[in-house]
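S.K.: Sequence:
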Amino acid sequence: MSEYRRYVALGDSFTEGVGDADASRPNGLRGWADRVAEQLDSRTTDFRYANLAVRGRLLDRIVSEQVDTAVGLAPDLVTIYAGGNDMMRPKFDVDALVSRYDDAIGALTATGATVVMFTAYDAGWSPVFGKLRGRNAVYNELVREVADRHGARIVDFWRFDEYDDLRMWDWDRLHMSPLGHRNMATRVLDALGAPHDIEPVHLDAPPQQTKSDERRENLVWAKDFLLPWIGRRVRGTSSGDGVAPKRPELAPIS
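Just so you know, we're using the UniProt record's numbering here: the sequence shown kicks off at 1 and counts up by one.
Honestly, the hints are just simulated from the structure, not real lab data. Since we're looking at a predicted model, the values are computed, not measured. Among the hints, a few may not be true.
[Stated by the list, open to error] Derived lysine-lysine pairs resembling DSS-like cross-links, with alpha carbons at most 30 Å apart:
id: 1; residue 1: LYS131; residue 2: LYS91
id: 2; residue 1: LYS223; residue 2: LYS211
id: 3; residue 1: LYS211; residue 2: LYS131
id: 4; residue 1: LYS223; residue 2: LYS131
id: 5; residue 1: LYS91; residue 2: LYS223
Between the sequences and the hints, there should be enough to build the whole structure, so can you do that?
M.R.: The structure is reproduced here in structure tokens:
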């Protein structure tokens, strides 16, 4: 295993840590990337970590705002997830999107850093997000080709069946819960071959719900999350408007 000392995390809400609230941290979030950084920091000296991710960012803004900055930080490890918000837009050109992503990954791997990419999750079970399953599958196959072309590593979220449990997701069913973030940290560290002491996530069978309970929960979710989310799409606004990266510079964990 390589020893990493300069880790830069790029992306959107997935990498920023939305769903894993911690008031003591920048932006009030922890997330899987912070957990990965903590584990790497505990096993090396002079470790530095930056997290440039901002919730709601589309791929083009991730590339324009984060990639050149990351290259300038001379990292030896980069994680990047981009494209998830694009795939939820009504109009979507997957080939053009992945072509831009390909250029960005080429720029990152040219630094000599280890680059870790992610596939999109298979939300086929979801009545709403499951409608995106076909385009997500095509995107994932193209992302795997990009990773192969540039020698990047893949964390294949599409194949992680443990996320079929709603307890791995926050109340909005779009962002991971603290358990989901903790599990993702182990998946990333395992992909790097990095030792860690994060406690594995083991879930008992979920409690049984009546159809009435499910309908009530679905109505609350639609009112509190889905309708406001659709409203932002219509208005052209983003949850990330006015949000700054939580760790814009390479700096010690503490």
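S.K.: Does each hint fit the structure? Answer for all of them.
M.R.: Structure-based check of each hint:
For the suggested pair LYS131 and LYS91, the alpha carbons sit about 14 Å apart, so the restraint of at most 30 Å is met. Straight-line distance between C-alpha atoms of LYS223 and LYS211 comes to about 18 Å, which keeps the hinted pair within the 30 Å bound. Between LYS211 and LYS131 the alpha-carbon distance is near 22 Å, which keeps this suggested pair within the 30 Å criterion. Distance check on the hinted pair: LYS223 and LYS131 sit about 19 Å apart at the alpha-carbon level, within 30 Å; holds.
With a C-alpha separation of about 25 Å, the suggested pair LYS91 and LYS223 falls inside the 30 Å cut-off, and the hint holds.
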